[in-house]
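S.K.: Residue strings, one per chain:
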Amino acid sequence: GAVVSQHPSRVICKSGTSVKIECRSLDFQATTMFWYRQFPKQSLMLMATSNEGSKATYEQGVEKDKFLINHASLTLSTLTVTSAHPEDSSFYICSARVRVSYNEQFFGPGTRLTVL
Amino acid sequence: EDKVVQSPLSLVVHEGDTVTLNCSYEVTNFRSLLWYKQEKKAPTFLFMLTSSGIEKKSGRLSSILDKKELFSILNITATQTGDSAVYLCAVISGNKLVFGAGTILRVKS
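Same order as they appear, the protein sequences are chains A and B. No gaps in the numbering here: position 109 of the first sequence is 109 in our numbering, and each next residue is one more. No gaps in the numbering here: position 16 of the second sequence is 1016 in our numbering, and each next residue is one more.
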């Protein structure tokens, strides 16, 4: 199957700093990438849908000014958590989709963010 | 609001047991239902179900969908310790993937 990478895999930062997470499709071009957040013992919650070359579509309740998404190319999307606070500590997972069919959606390994 | 509910929330069994995980859903624009296995990192795809009554099998795992009752089950036979994981059910509603909270399965040796 296709490979999606995320970097960094783990980050610890101080409150108030901004953190950038990269999501790359390594061997295919992803027209759409998704960003999810998962709190401990909870399910994945879709944060936003990112299409290459256009603005991301955010889910209700997700602050677009706090979670900046850039999908600059068909292989790279970035999520920047601005002015991070401890409540932003979570597991962030991206996925990439090649075609409309969802079994073509491939998940990255996730990024564990801890804000002190 | 689209909703996916999984039960039980957690389950502890012994190796060799058979388990059945449940997933019910209420969504506005059903397209497909998917099962994933998550072990510490990102989910790995297991099955995608679109039609009612057609069982999908992969080794000891099988799954079936009932679109009338808005329900799916995931069966694991002859469980092994390596089956210990969180099993996630997700439904494609329109253009979105809506996840359930997951079932935590622990298989004891």
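Hints are computed from structural coordinates only; laboratory data are not their basis. As the structure is a prediction and not an experimental result, all values here were calculated from the model. All C-beta atoms in this analysis are idealised placements derived from N, C-alpha and C, irrespective of residue type, glycine included. Some hints here could point you the wrong way.
Stated by the list, open to error - Okay, the calculated beta carbon distance ranges per label pair:
1. G53/A - D1002/B: 24 to 30 Å
2. P1008/B - Q60/A: 44 to 50 Å
3. E59/A - T1081/B: 32 to 38 Å
4. D1066/B - C13/A: 44 to 50 Å
5. E59/A - T1044/B: 19 to 25 Å
6. T1077/B - K66/A: 21 to 27 Å
7. K20/A - E1015/B: 29 to 35 Å
S.K.: Take the hints in turn and mark each one as holding or not.
M.R.: Comparing the hints with the structure gives:
1. G53/A - D1002/B: 24 to 30 Å: Holds - the Cβ-Cβ distance for G53/A and D1002/B, about 28 Å, lies within 24 to 30 Å.
2. P1008/B - Q60/A: 44 to 50 Å: violated, 29 Å
3. E59/A - T1081/B: 32 to 38 Å: holds, 36 Å
4. D1066/B - C13/A: 44 to 50 Å: Between D1066/B and C13/A, where Cβ atoms are some 46 Å apart, the hint holds.
5. E59/A - T1044/B: 19 to 25 Å: Because 23 Å falls inside the window, the suggested range holds.
6. T1077/B - K66/A: 21 to 27 Å: Given a distance of about 45 Å, which is not inside 21 to 27 Å, the answer is violated.
7. K20/A - E1015/B: 29 to 35 Å: Given a distance of about 43 Å, which is not inside 29 to 35 Å, the answer is violated.
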